[in-house]
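Protein chains in written order, with our numbering: chain A, 1 to 566; chain B, 567 to 783.
It should be emphasised that the hints constitute simulated quantities derived from the structure, not laboratory data. Certain hints may be false.
Calculated cross-link-like contacts (lysine-lysine; reagent style DSBU-like; alpha-carbon spacing at most 35 angstroms) [said to hold, decoys possible]:
no.: 1; chain 1: A; residue 1: K53; chain 2: B; residue 2: K625
no.: 2; chain 1: A; residue 1: K389; chain 2: A; residue 2: K461
no.: 3; chain 1: A; residue 1: K53; chain 2: A; residue 2: K128
no.: 4; chain 1: A; residue 1: K186; chain 2: A; residue 2: K434
no.: 5; chain 1: A; residue 1: K128; chain 2: B; residue 2: K754
no.: 6; chain 1: A; residue 1: K522; chain 2: A; residue 2: K434
no.: 7; chain 1: A; residue 1: K522; chain 2: A; residue 2: K186
no.: 8; chain 1: B; residue 1: K625; chain 2: A; residue 2: K522
no.: 9; chain 1: A; residue 1: K434; chain 2: B; residue 2: K754
no.: 10; chain 1: A; residue 1: K53; chain 2: A; residue 2: K522
no.: 11; chain 1: A; residue 1: K128; chain 2: A; residue 2: K461
no.: 12; chain 1: A; residue 1: K389; chain 2: A; residue 2: K321
no.: 13; chain 1: A; residue 1: K461; chain 2: A; residue 2: K434
no.: 14; chain 1: A; residue 1: K389; chain 2: B; residue 2: K625
no.: 15; chain 1: B; residue 1: K754; chain 2: B; residue 2: K625
no.: 16; chain 1: B; residue 1: K754; chain 2: A; residue 2: K389
no.: 17; chain 1: A; residue 1: K301; chain 2: B; residue 2: K754
no.: 18; chain 1: A; residue 1: K186; chain 2: A; residue 2: K321
no.: 19; chain 1: A; residue 1: K128; chain 2: A; residue 2: K301
no.: 20; chain 1: A; residue 1: K434; chain 2: B; residue 2: K625
no.: 21; chain 1: A; residue 1: K522; chain 2: A; residue 2: K301
no.: 22; chain 1: A; residue 1: K321; chain 2: A; residue 2: K301
no.: 23; chain 1: B; residue 1: K754; chain 2: A; residue 2: K522
no.: 24; chain 1: A; residue 1: K301; chain 2: A; residue 2: K389
no.: 25; chain 1: A; residue 1: K53; chain 2: A; residue 2: K186
no.: 26; chain 1: A; residue 1: K461; chain 2: A; residue 2: K53
For the chain A half of the interface with chain B, some residues (derived, Cβ under 8 angstroms), not all of them [what the hints assert, rightly or not]:
no.: 27; residue: F66
no.: 28; residue: R68
no.: 29; residue: T194
no.: 30; residue: E433
no.: 31; residue: A477
Note that beta-carbon positions come from the ideal geometry of N, C-alpha and C, so glycine has one too.
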Amino acid sequence: MENCGDNNPMPDAAAFRRPPELVMRLARMGSFHQTRLSFMRVLLRRLERENWKFKRNLWAIDAQGFGRAVYTVYGPERAYSLVAFSHDLPDHMRSDRVIATAWDATFALYDGVPDEADLDRLEQNVPKQEAGRISDSELSLSRANRSVRLWQHVVDSLAAGRQPEREQLEAVGYLVRTTAVYGSGKFGAADRLTIAGRAELSGPFQAEMLSVWLTRAFSVDLVEHVAAARGGERAVVIEPELRRRIGVGNSTGLGMAPFLVNHPALLNNWMMAREEALARVRSLPTAEPRAIAEFRDHFEKARYNLSQWHSEHPVQIEKLKALGADLERMAEYIEQQSLADDHPWDRFYRWSEEHLSLEGQEQLVSLLLEPYGELVDELAQCMDADEHKSFFIDGAMPLARLRDIIESRCRWALEVDYDEPDNRARFWYTSAEKLEPRVGERFEEPGAEYELPLAVGLDIKRLHTALADSAPESSTAEFLLAHPEHRHTVRRVQNLASHPYAEIQDNLIAADMLPIDILRCKLSFFGATRFDPRSDRWVRICMYQDAPYPHELLAPPESGEAAVAV
Amino acid sequence: MSYRLTLAEIESYLRKAARASGLDWGIAEEAGKAARWLAAFSLPGPELLLEHLQNLADKDYRQFVPDCSLDPWQAPGGLLCPVITGAALADRSAQMLDGHAFRLGNTAYPLLLAATLGQAARYHQTAFVTCWAGVRLNCFGHGIQILGRREDLTLAEAEHVCCCRDDSAEVEIEASTLAYEIDEDVFKRIDALAFQTYAPATAASRAGAGAGLTDND
Numbered sequence: 001m002e003n004c005g006d007n008n009p010m011p012d013a014a015a016f017r018r019p020p021e022l023v024m025r026l027a028r029m030g031s032f033h034q035t036r037l038s039f040m041r042v043l044l045r046r047l048e049r050e051n052w053k054f055k056r057n058l059w060a061i062d063a064q065g066f067g068r069a070v071y072t073v074y075g076p077e078r079a080y081s082l083v084a085f086s087h088d089l090p091d092h093m094r095s096d097r098v099i100a101t102a103w104d105a106t107f108a109l110y111d112g113v114p115d116e117a118d119l120d121r122l123e124q125n126v127p128k129q130e131a132g133r134i135s136d137s138e139l140s141l142s143r144a145n146r147s148v149r150l151w152q153h154v155v156d157s158l159a160a161g162r163q164p165e166r167e168q169l170e171a172v173g174y175l176v177r178t179t180a181v182y183g184s185g186k187f188g189a190a191d192r193l194t195i196a197g198r199a200e201l202s203g204p205f206q207a208e209m210l211s212v213w214l215t216r217a218f219s220v221d222l223v224e225h226v227a228a229a230r231g232g233e234r235a236v237v238i239e240p241e242l243r244r245r246i247g248v249g250n251s252t253g254l255g256m257a258p259f260l261v262n263h264p265a266l267l268n269n270w271m272m273a274r275e276e277a278l279a280r281v282r283s284l285p286t287a288e289p290r291a292i293a294e295f296r297d298h299f300e301k302a303r304y305n306l307s308q309w310h311s312e313h314p315v316q317i318e319k320l321k322a323l324g325a326d327l328e329r330m331a332e333y334i335e336q337q338s339l340a341d342d343h344p345w346d347r348f349y350r351w352s353e354e355h356l357s358l359e360g361q362e363q364l365v366s367l368l369l370e371p372y373g374e375l376v377d378e379l380a381q382c383m384d385a386d387e388h389k390s391f392f393i394d395g396a397m398p399l400a401r402l403r404d405i406i407e408s409r410c411r412w413a414l415e416v417d418y419d420e421p422d423n424r425a426r427f428w429y430t431s432a433e434k435l436e437p438r439v440g441e442r443f444e445e446p447g448a449e450y451e452l453p454l455a456v457g458l459d460i461k462r463l464h465t466a467l468a469d470s471a472p473e474s475s476t477a478e479f480l481l482a483h484p485e486h487r488h489t490v491r492r493v494q495n496l497a498s499h500p501y502a503e504i505q506d507n508l509i510a511a512d513m514l515p516i517d518i519l520r521c522k523l524s525f526f527g528a529t530r531f532d533p534r535s536d537r538w539v540r541i542c543m544y545q546d547a548p549y550p551h552e553l554l555a556p557p558e559s560g561e562a563a564v565a566v
Numbered sequence: 567m568s569y570r571l572t573l574a575e576i577e578s579y580l581r582k583a584a585r586a587s588g589l590d591w592g593i594a595e596e597a598g599k600a601a602r603w604l605a606a607f608s609l610p611g612p613e614l615l616l617e618h619l620q621n622l623a624d625k626d627y628r629q630f631v632p633d634c635s636l637d638p639w640q641a642p643g644g645l646l647c648p649v650i651t652g653a654a655l656a657d658r659s660a661q662m663l664d665g666h667a668f669r670l671g672n673t674a675y676p677l678l679l680a681a682t683l684g685q686a687a688r689y690h691q692t693a694f695v696t697c698w699a700g701v702r703l704n705c706f707g708h709g710i711q712i713l714g715r716r717e718d719l720t721l722a723e724a725e726h727v728c729c730c731r732d733d734s735a736e737v738e739i740e741a742s743t744l745a746y747e748i749d750e751d752v753f754k755r756i757d758a759l760a761f762q763t764y765a766p767a768t769a770a771s772r773a774g775a776g777a778g779l780t781d782n783d
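Chain A extracted, bound-state conformation (with noise of 0.2 angstroms):
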């Protein structure tokens, strides 16, 4: 792969890519599932693979549940600690949204392990989020409202002496749910830098997923000790069977949406490595007994995900029942056709572009990555960016060469008539009132001064027009002196003829542009599932369900190899 060393073990696989056009649309990328390379499976393939030690080091919380504990995982270098604060939130105060002033619970991620003083420090800062300061020892700061209709039933039957029923469980499918997870240099945290050295934590949002894998413990630890306060001796703990079909929900808007249009090299790095592990598996000759019983288990394991999987959005209820006729087709080739021989994965992902929706083909892609852990997990490490690189601009380069690459990658900019207003009938601008990115209706709403630039396919379109009038001889850097509103645009094409998969290859200030499928492409890299839009920009998902616990995968460190501070 171009962007991660020479040493492909196969380079025969390029031939089976997808090209980018096919990729990266939004309907399609709207249709991600997680993968073994989402973002989540990589930290804790890299836990159990290096023996990281885990220690609950602090638990100081009340018989109501309020109070502060801090979690931390030992690995061979260096140790992370989740800080979570538990607060009384009155019900009128709870809401998910980004907007929100208080929470039931807030965390940092503490870079090692935190004294009382560092733990002092952030309880005047961590409650108040977006309001308060963290520090250069912080990765990353984040909040959890309860789930109301699962936390009190779970409170009620553990005090009780009995299991929650496993159904309502698996309805809500966590107990609470974060909202915004920040990290990278936001409200005062460490820079990206500080740790883009760190081999742990170099992929993307490795910091921001180990925070949210211990919320999750600490969330069941919370509903068991508040049960247990309630209860007495008749309490009993989560059986460790259900326990695990806990995950932890997330609440996620329009602020994270610009955040693929933002990072071009990264994307197209997310990209290129869910793409090369796909070729690899479909390059493939045959596949063994082993591989065809694994992808048979995941298969069914996709089958009851699905079951469980509710949305009362239309655009959803509509996918899901594609999903549903998907899987049972699927099921019908799996029992007809040959998983063994004359290249078996692609043949079946080439029938699944003639047969299935593409929730289906998507769905598909991610079981055939399932039993190839060997030859794909590899390419998480191809997944971070050297985002430095592509800001440069080469200004030596011809405008011919410009405009060549352009018409050869963006025929999906060109193509569209920008002066239909429903082609331009979105921008994208952040509000002063949340400082958070938001989409406007040009034609409706006042505001469209204070575009952002995230009209890619118009810019591009522009640029191009732009260069007819120009001499295709001279320079990118002549060109630029006398028209610097193209710019930015000008770094993004020439990122492109590196870069294949670094744009979302639609209009995103269309009329019919639905938020939601950047939401769905970003959040199936960090390996959500259950997918549940409220609205047309803001999506409700769950994550590490079915995951282990910390306490599970991880030993408790010797004595003296743990430094505790608190």
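Got chain A; can you put chain B on it based on the hints?
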């Protein structure tokens, strides 16, 4: 009173402040990077950029753009913008790799120019040196070297500036990733400028991000 800003925040705030001051997004991106890069060496990039942006306000961008056909480069208005000119130099950095030296006439805040060009040094993995008044600043990808009179680093104007490649330079200060201390009043002014890029809320925007369904279950 001082305030600690992370490097990511510096880049984000200054990019928006530059945009609010009338620079195009692509140039504003360069401004944000330059401010961040200087702050990583505890140099007052954010402060100088704020001063420069305030000087730019309400003036015609064309007045500050270099005429690169002249030697030294000159601005029609008599004073070169360090970000626009630094970007133009970065765009021509391949010529500097080949040994070409660029001479510039009257330039505002040459430290900002050196930093904007410094981004290209990082890409080419070489050192680009910028000289003005009594100081010479060597910029590497992740480090700098300051030779001569340090007090000249923060000059608001320099009559002559020279930029070229220098292989003999050595890194003296490594880039830090820690937060940068900034005077609270200066930060407030940067924040106020950046804020001008945000759209005032409307009833539609308030409703738009959320859902029609309850979010409290």
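Q) What hint numbers does the structure not satisfy? A) Result: hints 1, 8, 11, 12, 17, 18, 19, 24, 26, 27, 28 break, sorted rising.
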